[in-house]
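**Student:** As a plain string of letters, each chain reads:
Protein chains: 2
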Amino acid sequence: MPLETDREEPMNLERSSAGLLTALKRAVGDSNIKRGSDIPEAALRDWSDERGGTPLALVTPRDTDAVAAALRICHDYDTPVVPQGGRTGLAGGAVPSEGAVLLSMAGLDRIDEIDTASGLMVVGAGCILQRIQEAALDAGFSFPLDLGARGSCQIGGNIATNAGGNRVIRYGMTRDLVLGLEVVLADGTVLSIMNRMPKNNAALDLKHLFIGSEGTLGVVTRAVLKLHPGVGGANAALVAVADFEAAAGLLRHAQRALSGRVTAFELMWNDYYRAVLAETGVRAPVEPDHAIYALIEMQGADADAERPGFEAMLEAAFEAGLVADAAIAQSQREVEAFWSLRDGIAEILSRRAPTINFDVSVPLARIGACVDEIRAALETAFPALKVIFFGHAGDSNIHLVAGPITDIDPTGHGIEKAVYEIIRAYGGSVSAEHGIGLHKKPWLAYSRSENELAMLRQLKRSLDPKGILNPGKVL
Amino acid sequence: MPLETDREEPMNLERSSAGLLTALKRAVGDSNIKRGSDIPEAALRDWSDERGGTPLALVTPRDTDAVAAALRICHDYDTPVVPQGGRTGLAGGAVPSEGAVLLSMAGLDRIDEIDTASGLMVVGAGCILQRIQEAALDAGFSFPLDLGARGSCQIGGNIATNAGGNRVIRYGMTRDLVLGLEVVLADGTVLSIMNRMPKNNAALDLKHLFIGSEGTLGVVTRAVLKLHPGVGGANAALVAVADFEAAAGLLRHAQRALSGRVTAFELMWNDYYRAVLAETGVRAPVEPDHAIYALIEMQGADADAERPGFEAMLEAAFEAGLVADAAIAQSQREVEAFWSLRDGIAEILSRRAPTINFDVSVPLARIGACVDEIRAALETAFPALKVIFFGHAGDSNIHLVAGPITDIDPTGHGIEKAVYEIIRAYGGSVSAEHGIGLHKKPWLAYSRSENELAMLRQLKRSLDPKGILNPGKVL
Numbered sequence: 001m002p003l004e005t006d007r008e009e010p011m012n013l014e015r016s017s018a019g020l021l022t023a024l025k026r027a028v029g030d031s032n033i034k035r036g037s038d039i040p041e042a043a044l045r046d047w048s049d050e051r052g053g054t055p056l057a058l059v060t061p062r063d064t065d066a067v068a069a070a071l072r073i074c075h076d077y078d079t080p081v082v083p084q085g086g087r088t089g090l091a092g093g094a095v096p097s098e099g100a101v102l103l104s105m106a107g108l109d110r111i112d113e114i115d116t117a118s119g120l121m122v123v124g125a126g127c128i129l130q131r132i133q134e135a136a137l138d139a140g141f142s143f144p145l146d147l148g149a150r151g152s153c154q155i156g157g158n159i160a161t162n163a164g165g166n167r168v169i170r171y172g173m174t175r176d177l178v179l180g181l182e183v184v185l186a187d188g189t190v191l192s193i194m195n196r197m198p199k200n201n202a203a204l205d206l207k208h209l210f211i212g213s214e215g216t217l218g219v220v221t222r223a224v225l226k227l228h229p230g231v232g233g234a235n236a237a238l239v240a241v242a243d244f245e246a247a248a249g250l251l252r253h254a255q256r257a258l259s260g261r262v263t264a265f266e267l268m269w270n271d272y273y274r275a276v277l278a279e280t281g282v283r284a285p286v287e288p289d290h291a292i293y294a295l296i297e298m299q300g301a302d303a304d305a306e307r308p309g310f311e312a313m314l315e316a317a318f319e320a321g322l323v324a325d326a327a328i329a330q331s332q333r334e335v336e337a338f339w340s341l342r343d344g345i346a347e348i349l350s351r352r353a354p355t356i357n358f359d360v361s362v363p364l365a366r367i368g369a370c371v372d373e374i375r376a377a378l379e380t381a382f383p384a385l386k387v388i389f390f391g392h393a394g395d396s397n398i399h400l401v402a403g404p405i406t407d408i409d410p411t412g413h414g415i416e417k418a419v420y421e422i423i424r425a426y427g428g429s430v431s432a433e434h435g436i437g438l439h440k441k442p443w444l445a446y447s448r449s450e451n452e453l454a455m456l457r458q459l460k461r462s463l464d465p466k467g468i469l470n471p472g473k474v475l
Numbered sequence: 001m002p003l004e005t006d007r008e009e010p011m012n013l014e015r016s017s018a019g020l021l022t023a024l025k026r027a028v029g030d031s032n033i034k035r036g037s038d039i040p041e042a043a044l045r046d047w048s049d050e051r052g053g054t055p056l057a058l059v060t061p062r063d064t065d066a067v068a069a070a071l072r073i074c075h076d077y078d079t080p081v082v083p084q085g086g087r088t089g090l091a092g093g094a095v096p097s098e099g100a101v102l103l104s105m106a107g108l109d110r111i112d113e114i115d116t117a118s119g120l121m122v123v124g125a126g127c128i129l130q131r132i133q134e135a136a137l138d139a140g141f142s143f144p145l146d147l148g149a150r151g152s153c154q155i156g157g158n159i160a161t162n163a164g165g166n167r168v169i170r171y172g173m174t175r176d177l178v179l180g181l182e183v184v185l186a187d188g189t190v191l192s193i194m195n196r197m198p199k200n201n202a203a204l205d206l207k208h209l210f211i212g213s214e215g216t217l218g219v220v221t222r223a224v225l226k227l228h229p230g231v232g233g234a235n236a237a238l239v240a241v242a243d244f245e246a247a248a249g250l251l252r253h254a255q256r257a258l259s260g261r262v263t264a265f266e267l268m269w270n271d272y273y274r275a276v277l278a279e280t281g282v283r284a285p286v287e288p289d290h291a292i293y294a295l296i297e298m299q300g301a302d303a304d305a306e307r308p309g310f311e312a313m314l315e316a317a318f319e320a321g322l323v324a325d326a327a328i329a330q331s332q333r334e335v336e337a338f339w340s341l342r343d344g345i346a347e348i349l350s351r352r353a354p355t356i357n358f359d360v361s362v363p364l365a366r367i368g369a370c371v372d373e374i375r376a377a378l379e380t381a382f383p384a385l386k387v388i389f390f391g392h393a394g395d396s397n398i399h400l401v402a403g404p405i406t407d408i409d410p411t412g413h414g415i416e417k418a419v420y421e422i423i424r425a426y427g428g429s430v431s432a433e434h435g436i437g438l439h440k441k442p443w444l445a446y447s448r449s450e451n452e453l454a455m456l457r458q459l460k461r462s463l464d465p466k467g468i469l470n471p472g473k474v475l
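Protein chains in written order, with UniProt numbering: chain A, 1 to 475; chain B, 1 to 475.
These are calculated hints, taken from the structure and not from any lab test. One or more of the hints may lead you astray.
If several chains are the same, the list does not tell them apart, and a pair holds so long as it fits within one copy or across any two.
Claimed, not checked - Below, computed lysine to aspartate or glutamate pairings styled on DMTMM-like, alpha-carbon distance capped at 25 Å:
#, residue 1, residue 2
1, K466, E450
2, K466, E452
3, K34, E98
4, K460, D372
5, K417, D187
6, K460, D187
7, K460, E450
8, K34, E50
9, K417, D271
Using the sequences and the hints, build the whole thing.
**Tutor:** Below, the structure is given as structure tokens:
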């Protein structure tokens with residue numbers, strides 16, 4: 001029989017968690033708390049292969065006050081909190097910590113206002129990205145943040161991870177589309193920074209403390225989003241080039257000739273291009289015997305009226321010797337067909353599973369050499385491994401997919417180390433757009449100096465001294 | 001005769017400042033320190049009317065290590081430090097504190113690198129903005145940050161104040177043009193965040209702690225700047241509209257029709273337009289009997305080729321009833337002539353001195369009503385006061401100039417209170433682009449909540465616990 005002292009701690013914990021749950025129920029309402037097997041399986045994971053711990057409860061507050069109350073209670077009880085959006089992250093940033101309260105933002109699924117005269121929208125953190133895109137469109141605007149998870153991801157999660165996507169080259173990251181934020185701090189304080197002006201230099205802009213913080217410094221509850229003018233369509237071309245220097249030259253030429261209107265510049269190396277043709281059966285717009293393929297897109301008010309300028313840009317690129325071969329989309333349907341080559345990655349991933357996938361960035365000038373070096377290093381270390389390279393190269397972002405890895409490097413750790421060591425040597429980032437979460441924690445120091453890590457820890461201590469917000473993530 | 005204890009403190013201070021100066025001389029070199037009357041008069045003020053205290057010394061380090069050494073020493077001696085760039089600020093952010101070491105960045109006047117393949121430039125904090133603009137141009141690019149002080153302001157100061165200027169509507173604030181930063185912290189720690197990628201989500205982006213912090217959290221020593229494609233010229237029009245709603249409609253129409261290519265949208269209310277015609281003798285491109293005048297500009301690769309599209313946009317605006325009258329520039333010289341109306345503010349300021357000048361922002365939709373309310377309030381309170389309204393309205397930024405104030409409100413305080421109370425009621429900012437410095441400290445709480453101010457103070461305590469960096473500024 002155990003000594004009484006042996007039992008005291010668990011009993012206190014039990015009492016303590018009972019008190020916590022009672023307080024939470026009072027704060028957010030009985031029906032907004034789930035426990036044990038009532039917690040949906042989906043709340044236990046995200047789109048990565050990270051596995052977290054067993055949560056204490058899943059809480060779904062319906063407004064900012066309820067989020068603040070829930071955080072105040074968890075803070076009082078020293079209980080970890082894991083904020084969850086659409087759980088579409090690829091870095092494990094939203095998977096449960098052991099014994100944590102999962103704080104779902106799904107109850108904050110609101111569009112509060114569309115101010116067409118100011119070109120902005122006010123939304124709740126739980127609003128699905130696609131709903132925001134469609135509401136902007138209906139109002140004659142565009143909300144240009146766009147990524148594969150658009151139908152499931154929530155804007156709060158996009159903000160917390162500073163999501164990137166397909167059109168960063170023209171419209172920036174999520175950060176660049178956020179005018180204002182409302183955030184609840186670790187102790188339940190509501191910090192309203194709901195700025196509606198493109199220009200506001202009344203002291204430091206505090207919203208940048210939370211954009212990209214992955215829920216470790218505060219919980220985003222509302223946002224003021226910047227809208228862009230609506231677009232009527234796009235011109236696009238699939239351009240084959242001889243090497244990366246020609247690709248970079250083509251981008252520079254296109255940006256100059258089109259006055260910075262390039263909305264996407266996606267590169268696909270030959271290995272990717274052949275793989276996507278083989279796996280998807282899409283017809284090749286250009287022969288598959290070139291080194292690199294660039295998908296250039298220019299969205300605009302009137303795609304037909306803008307086509308001559310787009311074609312003139314490509315003709316001049318031909319004359320300058322930058323282009324080996326090219327196909328120009330003659331309709332919006334052909335624009336979509338070109339994009340299906342890029343979107344075909346989803347099929348490649350399922351055909352080659354299990355794969356290991358990278359989201360890295362390198363200064364644009366060095367991408368060509370970096371890709372060559374990674375390819376050579378992996379060929380040497382893992383001769384049987386299939387690797388494909390592609391990505392939002394106009395933004396310095398490369399993705400590579402290696403796999404199946406089953407019989408080659410089942411944990412993927414050896415492949416990761418080989419790739420990230422080259423990324424470090426090139427002054428690149430181990431996470432271009434997906435964030436750090438759990439998955440990339442071991443590699444963070446490859447892209448951030450000791451002084452930067454010290455400053456990140458200092459901010460965490462200052463804003464969340466009890467360490468209850470998304471503990472164990474990022475740092 | 002004073003007691004010995006009465007004399008001890010000054011004597012220690014004397015000894016202490018002798019030790020400090022000896023250490024600083026060793027760190028940065030004898031020739032880089034000036035004291036007393038050797039300190040140039042220009043170092044004692046900026047372009048505002050703020051007056052600071054008497055500095056202990058002016059130190060001009062020649063590299064980052066010397067900046068770090070100087071800060072480490074001042075930190076050890078608990079001595080305040082005031083960083084100084086080109087001292088062109090209008091808020092008093094760079095005027096001396098009593099007994100402070102002035103830290104001039106003029107010795108860090110370097111362009112380290114122009115990477116044309118990545119579209120970026122690496123510069124020292126002391127580099128003059130115009131030199132950066134010209135170097136970008138020579139390399140076939142554009143560095144689009146542009147403001148009246150371009151020939152004197154330093155990029156480090158632009159970054160510390162998150163400077164705005166004429167083309168924010170297309171290229172953003174200084175923040176949006178900074179990829180990476182090197183900062184020296186209060187205790188002399190060098191924090192290198194010299195990122196070169198548009199996409200980098202490897203943990204929180206720390207540079208935003210320092211952009212717009214006005215030298216209160218760290219001293220910017222180097223930066224990686226983002227370059228835009230070079231431009232060949234501009235199309236521009238001066239458009240008279242019946243009211244603010246028509247102006248806002250015109251902007252929305254133009255952004256849509258031109259696929260977001262508007263590079264400037266400056267409004268001049270009738271009072272400004274008449275004043276600039278009277279004070280400068282510039283010929284009126286459009287009759288001076290309309291409510292508001294918009295200067296619309298679209299920079300681009302080839303102004304001649306882009307003119308038909310620009311004209312079509314204006315014709316459609318006419319047909320939609322948005323335009324009362326308009327003149328379209330037929331040459332780059334006429335584009336400049338239109339800008340001379342806007343730049344004529346310099347002459348108005350000198351003719352009407354002493355004036356009181358405002359740099360405020362208001363959500364775009366509310367600018368028209370806000371201007372009307374401010375005009376009415378000032379007419380009631382100060383019937384003899386002349387007031388003119390203009391500004392970067394496309395970015396939500398309004399400037400207004402009131403004066404001469406000599407016989408009406410000599411301190412300007414009554415006028416300030418009247419204006420800022422209306423700005424507060426409209427949810428606007430007391431500083432759109434100039435920062436807070438000393439000048440706007442009394443009004444900061446009009447635009448930031450108590451929780452925001454508490455967070456700003458908390459960050460200050462965490463990053464600069466001794467409070468030596470630009471003390472008394474902003475907070």
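**Student:** Now tell me if each hint is right for this structure.
**Tutor:** Quick rundown of the hints versus the structure:
Within a single copy, K466 and E450 get their C-alpha atoms as close as 23 Å, and across copies as close as 23 Å, so both meet the 25 Å cut-off. When the C-alpha separation of K466 and E452 is checked against a cutoff of 25 Å, the pair qualifies both within a copy, at 21 Å, and between copies, at 21 Å. For the identical chains of this complex, K34 and E98 are intra-copy neighbours only, at 16 Å inside a copy versus 60 Å across copies, given an alpha-carbon limit of 25 Å. Within a single copy, K460 and D372 get their C-alpha atoms no closer than 38 Å, and across copies no closer than 45 Å, so neither meets the 25 Å cut-off.
In this assembly of identical chains, the alpha carbons of K417 and D187 never lie at most 25 Å apart, being 38 Å within a copy and 35 Å across copies at closest. In this homomeric assembly, K460 and D187 come within 25 Å of each other (Cα to Cα) both inside a single copy, at 13 Å, and across copies, at 20 Å. Proximity of K460 to E450 under the C-alpha cut-off of 25 Å is found in both arrangements, the shortest distances being 15 Å within a copy and 21 Å between copies. For the identical chains of this complex, K34 and E50 are intra-copy neighbours only, at 22 Å inside a copy versus 59 Å across copies, given an alpha-carbon limit of 25 Å.
In the homo-oligomer, the alpha carbons of K417 and D271 lie at most 25 Å apart inside one protomer (22 Å), although the nearest pairing across protomers, at 66 Å, exceeds that limit.
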